[in-house]
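**Q** In order, the protein sequences belong to chains A and B. The working numbering puts the first residue of the first sequence at 16, with every later residue one more than the last. The working numbering puts the first residue of the second sequence at 16, with every later residue one more than the last.
Treat the hints loosely; a few may be bogus.
Selected chain A positions facing chain B (in silico; Cβ < 7 Å) [stated by the list, open to error]:
| no. | residue |
| --- | --- |
| 1 | T316 |
| 2 | H319 |
| 3 | K340 |
| 4 | H343 |
| 5 | P348 |
| 6 | A378 |
| 7 | Q381 |
Covered, in the sense of this in silico footprint (three residues per stretch, anywhere, with C-beta under 8 Å from a C-beta of chain A), are these stretches of chain B [to be verified]:
| no. | stretch |
| --- | --- |
| 8 | 179-190 |
| 9 | 283-292 |
| 10 | 346-354 |
| 11 | 378-386 |
What the hints contain is simulated information worked out from the structure, not anything from laboratory work. Cβ coordinates follow ideal geometry from the N, Cα and C atoms, glycine included.
2 protein chains.
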Amino acid sequence: MNISSKNSGISANQQKPFVKQLEPYRKHLADIHKNGGFDQLESSINLPFSKHIDQILAKAKGYQTKTLNTVVVIGIGGSNLGTQAIYEALPKKNVELLFLDTVSSSHFSNILERLTKTHKNKKQFLIVSISKSGGTAETIANTEVLLSSLKKSYGDVRDRLVVITDEGSKFHDETIKQKIDSLTLPKMVGGRFSVFSAVGLFPLAVAGYDIRALCRGAKSAIEDGTSSITTKNIAMSLAITTHLQQKNGFNIHNSFFFAPELECLGKWERQLIGESLGKEFDRNGKRVNVGITPIVSIGSTDLHSMAQLYFGGPRDKFTTIVSIKDMHRHFVPKQQLFPTLVENLAGKTLATLMEAVVGGVVAAYQKSKLPFVECVFDKLDELSLGNFLQMRMLQIMYLGELMNVNAFDQPNVEAYKVETKKRLQNA
Amino acid sequence: MNISSKNSGISANQQKPFVKQLEPYRKHLADIHKNGGFDQLESSINLPFSKHIDQILAKAKGYQTKTLNTVVVIGIGGSNLGTQAIYEALPKKNVELLFLDTVSSSHFSNILERLTKTHKNKKQFLIVSISKSGGTAETIANTEVLLSSLKKSYGDVRDRLVVITDEGSKFHDETIKQKIDSLTLPKMVGGRFSVFSAVGLFPLAVAGYDIRALCRGAKSAIEDGTSSITTKNIAMSLAITTHLQQKNGFNIHNSFFFAPELECLGKWERQLIGESLGKEFDRNGKRVNVGITPIVSIGSTDLHSMAQLYFGGPRDKFTTIVSIKDMHRHFVPKQQLFPTLVENLAGKTLATLMEAVVGGVVAAYQKSKLPFVECVFDKLDELSLGNFLQMRMLQIMYLGELMNVNAFDQPNVEAYKVETKKRLQNA
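Chain A with its partners taken away, still in its complex shape (with noise of 0.2 Å):
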């Protein structure tokens, strides 16, 4: 993965007081790092380096039978986001992963069906329920149809379910009193940051991706991440630059992705942006009601419906533009069906064509004198996902330090929570 800043309209002079006062921050984390455990808001730099992963891939392993082709991950929010952006981006292999997060009859009845009518025995799936609080509504509410619904195909499916949830939640009690499989997540790792907890890892092991290679891909992003050698230090960097460009007006993030198969990979990051930055408080208790808002675009499909707002409208958008070397090997025909209608296709294959398209678009922004980083993966696997996701998670907490707010806390979303269970409550 090749990151550059060098049309992010932020010098490196400029970036210079800013690393100066993160270097505190810097240090916290390192010292997180050196010290490992699971008490720190920041603690989930620890994932990658824990011994848990021993445990997912042993417990993955047994469920990894010949019969089991399909994983359903209920879940929803920080506990299926990064899963699927990893299993979207990656090639499909044996087993394949379907995720349930809001309540909804239609994909609802298309997951049951996959599991009744294409199935003759319930070894055949498993259903990995994940809350990390035990009480989020509409994971509980689909565990329960669907474990209710599957009886009647199977009797009891208990034993094909596994249950992640904080250590300790009522959610692991009753799994223990019930004798249902479980895994479980240190209680401070905040769920836009828990991909690298069994909650990302145990799903994607069991269907068969090396999580060994995504966590050293992550590992590699924290001793960067935390490091002092400033040009290491790219998720620094990017939060710095991030930083002075919101305040330059630029406080919509645009994660460009020239790969369709990274839209799951842009989920992820809105809820990392949105739920970290969006702050009704600073961390003074001041009301400040600030934040960045992340959008997603996919290249070249968008370009066909927002570049004339991108390029034309409101200056406001910082952008990231993710492309990937190399991915079409298909060509376009020397003799051609319709030869005279664009040119220059001839022979070309489809990844020459892409990578003019993206060529074009990182030529018009700069001609556009708009702030942009560009990310260049080398490939698509899972050491290089592993690698972005840290990177990003990094970048996020430094960007928290800089805004003055709390990174890892979401005290707004109780106010629609509490009307909800009220009206629950009278339905």
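Starting from the known structure of chain A, fit chain B onto it as the hints suggest.
**A** For chain B alone, kept in the frame of chain A given last:
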């Protein structure tokens, strides 16, 4: 469909001067509607009344054999977003639509595999290649690659291709020369306003959807949206509300759909809002860099990732909350496996849970004094979707008028296209 603006933050009295300002434009639209024809920028409003629908239905009928089971729609931006929005929102039928927009070898391979492995003869599929100008690089490249790949299995498949393009474009000429089946759309109808031309109607008709009902819904939106009776003219009223709140700093529009099947409708709206209103220059040639940035949220999914930003972060989002009555018939069993985790779930349908969530969100928006519009669908069907899409298109025309921009062009898209062409030439 029931739309309520009572929480938009704009009173009927505040709207009055703008209703007066828009009166000449309303008359202009009413005249176009009365006179018919396709010689005006706004002529897309005549599509649902046009005789071309008979022709589209007749052609679609010719392809609706018992053998047909897959239609591949090759198109990007305005050439597929509307079709996809409607298709994803409605229950599946016997003929499946697959969409190929950007160039992506992995996506392409999936589609090719579907057309070659599970198909035995070419009458099982139809390729619809759509490019308004006839010169869209991705669409032409995908068409060339797909037809040449299919040749290996089926020989010449040009008899399984229908082209949709501007009357008189080079693409149209080629179809005549090569005796390829084709349909055209009027030149004055822009891509993002073309869903009720052959672009949207033909693939949907082949797939068995009721395009007459779609057009009936659209027609009633046009009757309402060109009406001088203010209470009837919701498109105009929403345009005024959105405009005034944009001037108050709410320059992001959040389409919050409480139904995952409407995500593609959101993507269609993104283009409509983004491309129509995001402009570097106003109609007097003054540099303005205005626009409304559209974002799409899915409830309840995104409550678990974005609610913190929406309720705590910058007060810059004007929201439309869209929900559907009584969608989800499944219910949580009275005998739960985990009765202690979430209160008041036992015996409730998923619809009740979703309604409690929507109610909770509405209450939280009210408490936060954030402006929003509520839109409740009684039912998702062709009629209601046709009505909604056409209402939005009219709203955007009125918004263009209020913001003093040309809602029908996209001059800034050229910037990257020119650069892409250069690179393709040298590749």
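**Q** Now, for every hint given, state plainly whether the structure supports it.
**A** Here is how each hint holds up against the structure:
1. T316: Where the cut-off is 7 Å and the nearest Cβ of chain B is about 5 Å from T316(A), the hint holds.
2. H319: holds (3 Å)
3. K340: violated (13 Å)
4. H343: Where the cut-off is 7 Å and the nearest Cβ of chain B is about 4 Å from H343(A), the hint holds.
5. P348: holds (4 Å)
6. A378: It holds, given that the least Cβ distance between A378(A) and chain B is near 4 Å, below 7 Å.
7. Q381: violated (9 Å)
8. 179-190: holds (count 3)
9. 283-292: Result for this restraint: holds, n = 5.
10. 346-354: holds (count 6)
11. 378-386: holds (count 4)
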